[in-house]
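Trainee: What the sequence shown shows, in my numbering, is residues 1 to 258, in sequence order.
You can trust all of the hints, since none of them are fake.
Listed next, the in silico DSSO-like pairs over lysine-lysine satisfying Cα-Cα at most 30 Å (straight line):
{"#": "1", "residue 1": "K68", "residue 2": "K84"}
{"#": "2", "residue 1": "K228", "residue 2": "K172"}
{"#": "3", "residue 1": "K228", "residue 2": "K68"}
{"#": "4", "residue 1": "K213", "residue 2": "K84"}
{"#": "5", "residue 1": "K68", "residue 2": "K99"}
{"#": "6", "residue 1": "K68", "residue 2": "K172"}
{"#": "7", "residue 1": "K228", "residue 2": "K213"}
{"#": "8", "residue 1": "K99", "residue 2": "K84"}
{"#": "9", "residue 1": "K228", "residue 2": "K99"}
{"#": "10", "residue 1": "K84", "residue 2": "K228"}
{"#": "11", "residue 1": "K213", "residue 2": "K99"}
Quick caveat, the hints were computed from the structure, so don't treat them as lab data.
Computed from a predicted structure; not experimentally measured.
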Amino acid sequence: MRPIIQLLHFGYHQAMSCIFPIAIFGTLALSSVIPIPFMHRYDAILIVLLLVQYLMYRTGLETLDEIKVICVFHIIGLTLELYKVWMGSWSYPELGYTKIFGVPLYSGFMYASVASFMCQIWRRLRMDMTGWPGLTSAALLGGAIYLNFFTHHFIPDFRWWLTALVFIVFWKTWIIYRVRETTYRMPLTVAFIIVGFFIWLAENIATFLGAWKYPDQYQTWQIVSFSKISSWFLLVIISVIIVAQLKHVKASRTVQNS
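Please construct the entire structure, taking both the sequences and the accompanying hints into account.
Mentor: In C-alpha coordinates, the structure reads:
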(Lines of atoms letter the chains of each structure in order from A and count residues from 1; the text may use other names and numbers.)
(Lines give C-alpha, C1' and ligand atoms only; values in the text may rest on other atoms or scores of the structure.)
Protein backbone atom coordinates (compact mmCIF):
# COMPACT_ATOMS: atom_id res chain seq x y z
CA MET A 1 0.00 0.00 0.00
CA ARG A 2 2.82 2.41 0.85
CA PRO A 3 4.38 2.25 -2.66
CA ILE A 4 0.99 3.17 -4.14
CA ILE A 5 0.66 6.16 -1.80
CA GLN A 6 4.19 7.27 -2.70
CA LEU A 7 3.39 6.93 -6.40
CA LEU A 8 0.19 8.95 -6.00
CA HIS A 9 2.04 11.74 -4.21
CA PHE A 10 4.76 11.70 -6.87
CA GLY A 11 2.15 11.81 -9.63
CA TYR A 12 0.34 14.68 -7.93
CA HIS A 13 3.47 16.82 -7.80
CA GLN A 14 4.32 15.95 -11.39
CA ALA A 15 0.83 16.98 -12.48
CA MET A 16 0.96 20.24 -10.52
CA SER A 17 4.36 21.00 -12.05
CA CYS A 18 2.82 20.58 -15.52
CA ILE A 19 0.12 23.23 -15.09
CA PHE A 20 1.70 25.66 -17.52
CA PRO A 21 2.52 23.01 -20.19
CA ILE A 22 -1.03 21.70 -19.84
CA ALA A 23 -2.37 25.24 -20.26
CA ILE A 24 -0.37 25.56 -23.48
CA PHE A 25 -1.67 22.33 -24.97
CA GLY A 26 -5.18 23.01 -23.77
CA THR A 27 -5.12 26.40 -25.46
CA LEU A 28 -3.71 24.91 -28.65
CA ALA A 29 -6.38 22.19 -28.66
CA LEU A 30 -9.33 24.50 -28.02
CA SER A 31 -8.17 27.16 -30.46
CA SER A 32 -7.76 24.53 -33.18
CA VAL A 33 -11.45 23.55 -33.04
CA ILE A 34 -13.16 26.69 -31.73
CA PRO A 35 -13.01 29.77 -33.98
CA ILE A 36 -11.95 32.93 -32.15
CA PRO A 37 -13.94 35.97 -33.34
CA PHE A 38 -12.17 39.20 -34.23
CA MET A 39 -8.74 37.82 -33.41
CA HIS A 40 -6.03 35.70 -35.02
CA ARG A 41 -5.39 32.39 -33.33
CA TYR A 42 -1.71 33.07 -32.59
CA ASP A 43 -2.57 36.40 -30.94
CA ALA A 44 -5.25 34.80 -28.78
CA ILE A 45 -2.85 32.05 -27.65
CA LEU A 46 -0.32 34.66 -26.55
CA ILE A 47 -2.94 36.58 -24.54
CA VAL A 48 -4.18 33.40 -22.84
CA LEU A 49 -0.65 32.26 -21.90
CA LEU A 50 0.25 35.68 -20.50
CA LEU A 51 -2.94 35.55 -18.43
CA VAL A 52 -2.12 32.03 -17.18
CA GLN A 53 1.36 33.16 -16.12
CA TYR A 54 -0.10 36.15 -14.30
CA LEU A 55 -2.67 34.00 -12.48
CA MET A 56 -0.04 31.41 -11.51
CA TYR A 57 2.07 34.15 -9.99
CA ARG A 58 -0.84 35.86 -8.19
CA THR A 59 -2.07 32.57 -6.74
CA GLY A 60 1.38 31.55 -5.54
CA LEU A 61 1.75 28.62 -7.92
CA GLU A 62 4.91 30.30 -9.22
CA THR A 63 7.32 32.55 -7.40
CA LEU A 64 8.89 35.74 -8.73
CA ASP A 65 12.24 33.96 -9.11
CA GLU A 66 10.57 31.24 -11.18
CA ILE A 67 8.94 33.88 -13.39
CA LYS A 68 12.40 35.34 -14.01
CA VAL A 69 13.75 31.93 -15.07
CA ILE A 70 10.77 31.44 -17.38
CA CYS A 71 11.39 34.85 -18.99
CA VAL A 72 15.05 33.97 -19.58
CA PHE A 73 14.11 30.70 -21.23
CA HIS A 74 11.38 32.42 -23.25
CA ILE A 75 14.05 34.68 -24.77
CA ILE A 76 16.38 31.73 -25.40
CA GLY A 77 13.60 29.77 -27.08
CA LEU A 78 12.28 32.69 -29.12
CA THR A 79 15.77 33.45 -30.43
CA LEU A 80 16.14 29.85 -31.53
CA GLU A 81 12.69 29.92 -33.14
CA LEU A 82 13.53 33.05 -35.15
CA TYR A 83 16.64 31.40 -36.50
CA LYS A 84 15.06 28.01 -37.25
CA VAL A 85 12.09 29.53 -39.08
CA TRP A 86 14.47 31.73 -41.07
CA MET A 87 16.43 28.60 -42.02
CA GLY A 88 13.23 26.81 -43.07
CA SER A 89 13.37 24.08 -40.40
CA TRP A 90 9.66 24.63 -39.65
CA SER A 91 7.06 27.35 -40.05
CA TYR A 92 4.01 29.03 -38.52
CA PRO A 93 1.60 29.26 -41.45
CA GLU A 94 -1.27 31.14 -39.81
CA LEU A 95 -1.71 34.91 -39.64
CA GLY A 96 -1.07 36.96 -36.53
CA TYR A 97 -0.25 40.51 -35.44
CA THR A 98 2.13 39.21 -32.75
CA LYS A 99 4.47 37.55 -35.24
CA ILE A 100 8.06 38.70 -35.69
CA PHE A 101 9.80 37.55 -38.86
CA GLY A 102 7.25 34.76 -39.20
CA VAL A 103 7.45 33.63 -35.57
CA PRO A 104 4.55 34.19 -33.14
CA LEU A 105 5.63 35.49 -29.76
CA TYR A 106 3.74 32.73 -27.98
CA SER A 107 6.26 30.19 -29.31
CA GLY A 108 8.81 31.20 -26.68
CA PHE A 109 6.40 29.99 -24.02
CA MET A 110 6.68 26.44 -25.32
CA TYR A 111 10.35 26.51 -24.34
CA ALA A 112 9.60 28.43 -21.16
CA SER A 113 7.16 25.69 -20.16
CA VAL A 114 10.15 23.35 -19.82
CA ALA A 115 11.75 25.81 -17.41
CA SER A 116 8.42 26.18 -15.60
CA PHE A 117 8.24 22.43 -15.10
CA MET A 118 11.85 22.28 -13.90
CA CYS A 119 11.33 25.10 -11.38
CA GLN A 120 8.08 23.64 -10.10
CA ILE A 121 9.26 20.07 -9.72
CA TRP A 122 12.51 21.23 -8.09
CA ARG A 123 10.56 23.07 -5.40
CA ARG A 124 7.77 20.54 -4.93
CA LEU A 125 10.05 17.50 -4.61
CA ARG A 126 12.67 19.47 -2.65
CA MET A 127 15.28 18.47 -5.18
CA ASP A 128 19.01 18.71 -4.80
CA MET A 129 22.02 17.40 -6.69
CA THR A 130 25.25 15.66 -5.81
CA GLY A 131 28.34 15.63 -7.98
CA TRP A 132 27.49 18.83 -9.85
CA PRO A 133 30.44 19.49 -12.21
CA GLY A 134 30.55 23.21 -11.42
CA LEU A 135 29.60 26.39 -13.25
CA THR A 136 32.49 26.46 -15.72
CA SER A 137 32.04 22.93 -17.09
CA ALA A 138 28.24 23.09 -17.08
CA ALA A 139 28.10 26.55 -18.67
CA LEU A 140 30.63 25.72 -21.40
CA LEU A 141 28.76 22.53 -22.28
CA GLY A 142 25.38 24.29 -22.22
CA GLY A 143 26.74 27.08 -24.41
CA ALA A 144 28.19 24.58 -26.90
CA ILE A 145 24.87 22.71 -27.07
CA TYR A 146 22.91 25.91 -27.71
CA LEU A 147 25.43 27.10 -30.32
CA ASN A 148 25.23 23.77 -32.14
CA PHE A 149 21.50 24.33 -32.76
CA PHE A 150 22.57 27.29 -34.91
CA THR A 151 25.84 26.13 -36.48
CA HIS A 152 24.81 22.66 -37.69
CA HIS A 153 23.20 24.31 -40.71
CA PHE A 154 26.65 25.35 -41.94
CA ILE A 155 29.15 22.95 -40.34
CA PRO A 156 28.84 19.30 -39.25
CA ASP A 157 26.31 18.53 -36.53
CA PHE A 158 28.15 17.78 -33.29
CA ARG A 159 25.10 16.68 -31.31
CA TRP A 160 26.37 13.12 -30.81
CA TRP A 161 29.77 14.37 -29.66
CA LEU A 162 27.98 16.75 -27.31
CA THR A 163 25.75 13.93 -26.09
CA ALA A 164 28.86 11.89 -25.27
CA LEU A 165 30.27 14.90 -23.41
CA VAL A 166 27.04 15.14 -21.39
CA PHE A 167 27.54 11.62 -20.08
CA ILE A 168 31.19 12.37 -19.32
CA VAL A 169 30.60 15.73 -17.59
CA PHE A 170 27.55 14.59 -15.60
CA TRP A 171 28.49 10.96 -14.94
CA LYS A 172 28.85 11.65 -11.20
CA THR A 173 25.76 13.86 -10.95
CA TRP A 174 22.67 12.47 -9.24
CA ILE A 175 19.31 14.09 -8.60
CA ILE A 176 18.08 13.85 -5.02
CA TYR A 177 14.32 14.18 -4.67
CA ARG A 178 11.89 13.62 -1.85
CA VAL A 179 8.37 12.21 -1.79
CA ARG A 180 6.82 12.78 1.62
CA GLU A 181 9.45 11.57 4.12
CA THR A 182 11.33 9.29 1.72
CA THR A 183 14.40 10.36 -0.24
CA TYR A 184 15.15 8.95 -3.69
CA ARG A 185 17.87 9.53 -6.22
CA MET A 186 18.39 9.13 -9.95
CA PRO A 187 21.30 9.72 -12.36
CA LEU A 188 20.86 13.14 -13.92
CA THR A 189 21.48 11.81 -17.43
CA VAL A 190 18.57 9.37 -17.01
CA ALA A 191 16.33 12.31 -16.06
CA PHE A 192 17.51 14.13 -19.22
CA ILE A 193 16.45 11.18 -21.37
CA ILE A 194 13.05 10.76 -19.70
CA VAL A 195 12.14 14.45 -19.93
CA GLY A 196 13.42 14.67 -23.52
CA PHE A 197 11.22 11.73 -24.52
CA PHE A 198 8.09 13.24 -22.98
CA ILE A 199 8.77 16.60 -24.64
CA TRP A 200 9.03 14.76 -27.96
CA LEU A 201 5.60 13.24 -27.28
CA ALA A 202 4.30 16.71 -26.49
CA GLU A 203 5.83 18.00 -29.74
CA ASN A 204 3.84 15.43 -31.68
CA ILE A 205 0.67 16.67 -30.01
CA ALA A 206 1.61 20.30 -30.68
CA THR A 207 2.25 19.77 -34.39
CA PHE A 208 -0.95 17.75 -34.68
CA LEU A 209 -2.81 20.72 -33.19
CA GLY A 210 -1.15 23.08 -35.67
CA ALA A 211 1.19 24.92 -33.27
CA TRP A 212 3.79 24.76 -36.03
CA LYS A 213 4.59 22.53 -38.98
CA TYR A 214 7.70 20.75 -40.17
CA PRO A 215 8.28 20.64 -43.95
CA ASP A 216 7.13 17.01 -44.16
CA GLN A 217 3.85 17.89 -42.39
CA TYR A 218 2.56 20.48 -44.87
CA GLN A 219 0.35 18.05 -46.81
CA THR A 220 -0.64 15.75 -43.97
CA TRP A 221 0.43 15.34 -40.37
CA GLN A 222 2.93 12.60 -39.57
CA ILE A 223 4.93 11.65 -36.52
CA VAL A 224 7.88 13.88 -35.64
CA SER A 225 11.25 12.30 -36.38
CA PHE A 226 12.70 10.24 -33.54
CA SER A 227 15.93 12.20 -33.99
CA LYS A 228 14.16 15.13 -32.34
CA ILE A 229 14.38 13.26 -29.02
CA SER A 230 18.12 13.93 -29.03
CA SER A 231 17.45 17.62 -29.68
CA TRP A 232 15.10 17.86 -26.73
CA PHE A 233 17.50 15.79 -24.62
CA LEU A 234 20.15 18.46 -25.24
CA LEU A 235 17.73 21.35 -24.78
CA VAL A 236 16.61 19.98 -21.41
CA ILE A 237 20.24 20.09 -20.31
CA ILE A 238 20.35 23.83 -20.96
CA SER A 239 17.24 24.38 -18.83
CA VAL A 240 18.61 22.22 -16.01
CA ILE A 241 21.94 24.07 -16.06
CA ILE A 242 20.16 27.44 -15.84
CA VAL A 243 17.74 26.36 -13.11
CA ALA A 244 20.39 24.51 -11.08
CA GLN A 245 22.83 27.39 -11.22
CA LEU A 246 20.19 29.96 -10.22
CA LYS A 247 19.08 27.71 -7.35
CA HIS A 248 22.72 27.43 -6.25
CA VAL A 249 23.19 31.22 -6.37
CA LYS A 250 20.00 31.78 -4.38
CA ALA A 251 21.02 29.19 -1.77
CA SER A 252 24.42 30.85 -1.39
CA ARG A 253 22.82 34.26 -0.87
CA THR A 254 20.46 32.81 1.73
CA VAL A 255 23.37 31.33 3.67
CA GLN A 256 25.31 34.61 3.53
CA ASN A 257 22.32 36.63 4.74
CA SER A 258 21.45 34.25 7.57
